[in-house]
Amino acid sequence: MSVLVIAESNGKTVDRGTLSAITAATQINEDISLLVLDDSEEVLKNCQKIKGVKRVISSKGDLEGCLAENIASIIIEAAKDATHILSSAGTFGKNIMPRVSALKDSQQISDISEIIDPHTFVRPIYAGNALATVKSSDKVKFITVRATAFQAAETEGGSANIVDGPIAKTNGSSSFVTRDLSVSDRPELTAAKIVVSGGRGIGSAENFSILDPIADKLGAAVGARRAAVDAGYVPNDYQVGQTGKVVAPELYIAVGISGAIQHLAGMKDSKVIVAINKDEEAPIFQIADFGLVGDLFQIIPELSDKL
Amino acid sequence: MKVLVAVKRVIDYNVKIRVNSEGSAVETNNVKMSMNPFDEIAVEEAVRLKEAGLVEEIIIVSIGNKGVQETIRTAFAMGGDRGIHIINEDVTEPLVVAKLLKDIAIKEKTNLVILGKQAIDDDCNQTGQMLAAILDWPQATFASKIELNNNKLKVVREIDGGLETLDINLPCVVTTDLRLNEPRYASLPNIMKAKKKEIIEIPIADTGIDFKSRLEVIKVQEPPMRSGGRIVADVDELINVLKNEVGVI
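These protein sequences, in sequence, are chains A and B.
For the first sequence, counting from 1, position 74 maps to 74 in the numbering used here; every step adds exactly one.
To convert, count from 1 in the second sequence and add 1000; that's the numbering used here.
Selected chain B positions facing chain A (Cβ under 8 Å, derived; list incomplete):
1. Val-1026
2. Gly-1161
3. Glu-1164
4. Asn-1169
Going by beta-carbon spacing under 7 Å, a handful of chain A positions derived as facing chain B:
5. Ala-68
6. Asn-95
7. Asn-129
8. Ala-130
9. Val-134
10. Ser-137
11. Thr-178
12. Asp-180
13. Leu-251
14. Val-272
15. Ile-287
16. Asp-289
17. Gly-291
18. Glu-302
Hints in this document: simulated from the structure, not taken from any laboratory.
Glycine included, each C-beta is placed from N, C-alpha and C at the ideal position.
Between the sequences and the hints, there should be enough to build the whole structure, so can you do that?
Okay, here's the thing in structure tokens:
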């Protein structure tokens, strides 16, 4: 058995989810290769040092936007000796992995949260309201990994060698136009130790900035319930839930969030959950460790003053 | 141009699901079923393209037991034109769905397939990407905006860091994200008209595709319950417990 992990990187660093996928890989077999789709020497150096990685496969060429059509074939080539191909279950992995899996006629296993043995995995279904244990009969397995369910691999201490991988070529059927990324000084939502999250109860885009002082004082990321994103209060990348991001910080502060199951799916593995809501019947209080009932427009300024 | 949209019948998103007594699956008997919400968005987008004069016909496909015909009719009431029901009493895995849709897309000479990005039952998020792969078509997943121009599609996609724009050639596969559109409610006359539209039934065994599952479900369990904690009196108490009791700030 051997494992290939597909790294997601941004020209500087490797994504937190990739480090979780490497930890998952160590539970399958110690022969772990990491495929890096990035021209950056800095990224390659960082990848060499990740604990558990045996070899770094460096693919260059037409990697702009990491278009699925262009990189599927190089993943297949890089994976030719692998029995397990893993990536994080972020939008990068969700986009590319099923394409590769289908080309190899293998039924992908999405978003695993536990590895029982190299053929058997646990994965959340129905927005995490049930856990399915599934056994794959495919010879080569394509797997995406729920980042919050596996610790990040250590980024120091490894000494992988670098080998040249297949070169990406454009397939011509798609082209990258632009990427409009949210710029923030705050930590990334899925990597933050503390997340302050707002729901529709906040009322408007302007009001959403009420969360900023607390987030700044706590060094927290800001997240949102789907309803707040749909209403245009904040951009899509803030969304926590079944179809948005899954987070599991040390502390999750839910502000004006009632606690629909689709939202709970994205945050219920947080270590400590605090709910602030004026409706004491809100379902969020049934899962929160600490609840504070009251008007968020009074509580939040007071909280940020006193922190 | 013809558009293909596949719709899945799932437990309604408002229903609190429970695991059956055998621990083998989620209970679907006597539970309200609806169209997967992402598939509603897919149907709506196809109807809007037709209303804009860019599409002539919308073909609706669903796979499952008899009940899925109701879901196909719901799509008809929104504006779908004709239906294909592939009969399978068992679970159909995404790779099999992709193979079935591939054959239909080729036979019907469709240039565009619009699918929901994931079904809210198995949460797989695979079928669109798999279909694009085996058709050797480009894909645009998690779309929040599409513009169709001269056999090219400009697509804005929702990604973890924000938004991304791609140009892709037709034929292609698009999967929908939440903010692509807001699906319409069907009007009564359209619901009546939907009853008369044609659905072709095809038993899955007649398709020639190997539909055996590759993933054996060993068991299905409820997740560990998180028990509620306590209500604190005020901001001071909240800060105190977070600092001194649990030590997270």
